[in-house]
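Protein chains: 2
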Amino acid sequence: MAIYNAPLADMHFILNDVFKADQFWQNNEKLNHIDIATADAILEEMSKFAKNVILDLNRNADEEGAHFNQGTVTTPKGFKEAFAQYAEGGWIGLGADEEWGGQNMPKMLTVLADEMIFATNPAFMLYPLLTVGAGMALNNCASQQQKETYLPKMYTGEWSGTMCLTEPHSGTDLGIIKTKAEPNADGSYHITGTKIFITSGEHDLSQNIIHLVLAKTPNAPAGSRGISLFIVPKFLVNEDGSLGERNPVSAGSIEHKMGIKGSATCVMNFDAAKGFLVGKENEGLAAMFVMMNYERLSMGIQGIGASEFAYQNAAQYATDRLQGRSVTGAQSPEKPADSILVHADVRRMLLNVRANNEASRAFAVYVGQQLDITKFSTDAEAVKKANDHVALLTPIAKAFLTDMAFQSILDAQMCFGGHGYIREWGIEQCIRDLRISQIYEGTNGVQAQDLIGRKTIKNNGQFIAEYIAEIRDFSHTLDADLNLLKDKTLAACNEVEAVTQYIIEQAKVEANFSNAVAVDYLHAVGLLSFSYMFAKIANAAKDQHGEFYQNKLVLAEYFATKFLPNITARIVNIQAGSNLIMKFSQDYFTAQS
Amino acid sequence: MAIYNAPLADMHFILNDVFKADQFWQNNEKLNHIDIATADAILEEMSKFAKNVILDLNRNADEEGAHFNQGTVTTPKGFKEAFAQYAEGGWIGLGADEEWGGQNMPKMLTVLADEMIFATNPAFMLYPLLTVGAGMALNNCASQQQKETYLPKMYTGEWSGTMCLTEPHSGTDLGIIKTKAEPNADGSYHITGTKIFITSGEHDLSQNIIHLVLAKTPNAPAGSRGISLFIVPKFLVNEDGSLGERNPVSAGSIEHKMGIKGSATCVMNFDAAKGFLVGKENEGLAAMFVMMNYERLSMGIQGIGASEFAYQNAAQYATDRLQGRSVTGAQSPEKPADSILVHADVRRMLLNVRANNEASRAFAVYVGQQLDITKFSTDAEAVKKANDHVALLTPIAKAFLTDMAFQSILDAQMCFGGHGYIREWGIEQCIRDLRISQIYEGTNGVQAQDLIGRKTIKNNGQFIAEYIAEIRDFSHTLDADLNLLKDKTLAACNEVEAVTQYIIEQAKVEANFSNAVAVDYLHAVGLLSFSYMFAKIANAAKDQHGEFYQNKLVLAEYFATKFLPNITARIVNIQAGSNLIMKFSQDYFTAQS
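One line per chain: the protein sequences are X and C, in this order. Per my numbering, the very first residue in the first sequence carries number 27; after that it's consecutive. Per my numbering, the very first residue in the second sequence carries number 27; after that it's consecutive.
Hints are computed from structural coordinates only; laboratory data are not their basis. Note that the structure is a prediction, hence the values are computed from the model and not measured. Don't take every hint at face value.
Given that identical chains are not distinguished, each listed pair holds provided it fits within a single copy or across any two copies.
[What the hints assert, rightly or not] Capping the alpha-carbon separation at 25 Å, the derived lysine-lysine pairs in DSS-like fashion look like this:
(1) LYS568 with LYS609
(2) LYS361 with LYS77
(3) LYS361 with LYS534
(4) LYS103 with LYS173
(5) LYS410 with LYS56
(6) LYS361 with LYS206
(7) LYS103 with LYS77
(8) LYS179 with LYS106
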């Protein structure tokens, strides 16, 4: 019953008009194999696959779930065929290097392709997603031989990948992991320990599963500086690349979750499983962060996909649902009632969702472009600036985009009234599926700590200053007919700049300050980012003719008027600081009242 | 695994210290059968039942759900015994008139008892809840004979009740219902039609089910002025009160929902079922509103219960979960990590939940007291003022309390990290169960329309003016040591007063204005109400000794500093009005992008 049509026109607009992708690609010799027509064709192809294959499997995947039986995990009906088709289409390696069988497509394109699968079946998407992330980590840190052994088969989908970090007692705080890596005489290690919440830890979609595992070698330093990264394949790989003996790594159970039920979330037991060190000992966390940063941007895209799905279904429902009359008189007097789209409150909810979707999508492409610059540009200064941007904006992409998306799909659900609470319409599943995006890959609270601490206070605000300078420069180029957006964006720049300075100073004298205000700061920077995106969107639309472009201008104005002022509330919250929060004794929280 | 201890100390404090319940009860001859000691004893009894009986059934009820088989509905394991015990304890009639077998307890007490069952098993609570609501509607509008026939057996739990309003094409807009009532020669009617989303429409907990059904008689006026209310019993009742023949009313199916799965939500088919008119023809909607208003306050209490449950479990988890170190140095150096309660961001989330719970609970008791005044007071002026208050505050109690509670349990879930997403801890069920409270009994958007339209603009702001005057009067009595709370509450009074005036004026010239800004207005009035409650709480705590009372003062300050300023953001949103929202064509919303 659920519908989905990929927003191809908006995607084209963002790539072509907002970010001038063609020019960017054609001027870069590593990217000039792609032009906008090719990008459009790729996205159209993906949209068909999402709509015709993946969407149909979504509701059943939720109801059937993944199955666990004595260490074996079976994915829901249809996943195996769909995964084969996805792999066959070359989608796993869409953004991977040609050297390893990838298609070398820019990130600003792949984020849009990923959005479609996240929109139509997020549980399915997690299987290839973890493979791609593991591939990136290996590509960055593994030896040439390791790359040759693993990467090509991962990008064909013959093998898949995982990320094994969390343990029962150790989640955010990876410094206290207990999994051990004992060196063997042949240079390999024996890995022993239990990992939990391992997405795609075991399943029936690929012939082999390549686990990337964090573990501690004997005598490793305590804490996060003593963590190493290992490849632990489910089946050991013979020298000729064929599968050898089964490694003693197995799934002990799968979790029963609120959503993404088609995705197998496994407890993985490593019983002296053979592992191979990636990079140097004790440098595993940094290596893993390559993968984590990729996944974090992906979670933001999960948010966009879900919110787009929610929007389309809610807008269709609202159009069809007849209830009440317009306050200005019946709009459809021949019918028993008007469409609920006549009610301003219903429109308000839908516009909130839509404004979020368009700004989020533009932001994901923007961050994708920054990643492309870091990877493909030869201009050292541009690369440095892009690296700073990526560092600053990754927690925003992960946390702000998923927070906004979750709020959006709640609004979308409300458009359905009671019908939104029953399974039939797919919107309640969408909520259950999306909620995890705010939690996994580092909770959104942890993202906010990363933003305010490592990415802002630690460099004395340099990254955010560079970002604000760019936004200001751009805003100053806006024409007079975009004055509202220009003024509000510049005002937001000033507010965020001032509060950043305040945070840097206050953190010096109030120990718990940055921790207490981090989430508010993340949302303030997120709102500024959306304002920047709408300024870019409006600038790209303003001289073009037709309703499509005119509506973008009105939506940008809607955002600036109704959303953006929330920055002020965030700043007031920041000013309240940490003192009241820390005033309560620890016992207060659980003392019976 | 989930825990629950009813917050008896807080409940006692609110009744005894904040609202001086003893004095209120003892000074009223219809209520002087109750004193604070009796109230405490009743609440303690209910807390044991909630903790020892009802809580245990909660998770299974979610996993098992209600069963449907050829028109028969079976409730989850244990519900039947628990319902019998609940009925045996006299809980169904706790607030009902003694004349019909009730215990005549004041609403300000019953809201607290209800909270405990909503906290521990909301799906279970809906079975007695609908019975109580149906009883209230009958008590207000039915004939003496009808009351005698139905009410006593409903309060013993032998029979139960429902509310049959919604039809497939007709939810918020009841004016377009199609269910027909054809008069019979004997004065009864034949009711024919289909009702959906009927909570407890069919089940195995009682011997008979008394449906209250809205239907249209032949030649009834169009729209909501042509709706009549009927009693349609599942089994017709013989003159001696025994059960007669089965009426042709039956469940066609039950819904598969996001949550409250143990509650049977039925499609009810009426096939010329025998019905008995309640009150006068065409006055059914007003009669039903007695029940709806009761249910609406109850939904707010559902929110408090869920949020209290979520708080207790999250606080316990946060205490036990060791992860990371305090920024001021290890607090538990002997352990591998500190409790996550050392992190300000975790405390922030828990304090948000707690502040919401304490203000919400006080507000529910406050509204309960207003209802008690309308029912028990002999002072005509007091009754009139209380009636105005109830009219104004019912949509706040329903929508603001459930919005705040939902936000709270999301915060609580986040405290669990990944563990909050798996079933084991009960928090994800809590979210799924609570979400309906924002949707049913009139969506929160519809509540906001009621507040801004019928309750505010229509009377030219009289109700809100009376309410603000009361808050101001109270605030002026506050001592100097509560100056922060006093100043902020008075400032909030001024803000809400001014924006109300603005709304009344603007609504005259901007047709869609009130519809567009209603939700923001509801939240502004809600925040003012919470500020009023915290002013009352602080005033009751300030001269008392001990940590319990001191913590109330700090929490009140936390609210005033971190929550209350959101009023300003709401007002900015109100000022943005409806023009941009209405600027989009209807096609815009579904046009493919």
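For each hint, the structure was consulted:
With identical chains, the CA atoms of LYS568 and LYS609 are at most 25 Å apart between copies only, with a shortest distance of 17 Å across copies and 52 Å within one. In this homomeric assembly, LYS361 and LYS77 never come within 25 Å of each other (Cα to Cα): the closest approach is 32 Å inside a single copy and 52 Å across copies. In this assembly of identical chains, LYS361 and LYS534 lie within 25 Å of each other by CA distance neither inside one copy nor across copies; the values are 65 Å within and 28 Å between. With identical chains, the CA atoms of LYS103 and LYS173 are never at most 25 Å apart, being 32 Å at best within one copy and 55 Å at best between copies.
When the C-alpha separation of LYS410 and LYS56 is checked against a cutoff of 25 Å, the pair qualifies only within one copy, where the shortest distance is 18 Å, while the shortest distance between copies is 78 Å. Taking the shortest Cα distances, LYS361 and LYS206 sit within 25 Å of each other only across copies (20 Å), while inside one copy they are farther apart (70 Å). With identical chains, the CA atoms of LYS103 and LYS77 are at most 25 Å apart within one copy only, with a shortest distance of 17 Å there and 41 Å across copies. In this assembly of identical chains, LYS179 and LYS106 lie within 25 Å of each other by CA distance solely inside one copy; the values are 17 Å within and 57 Å between copies.
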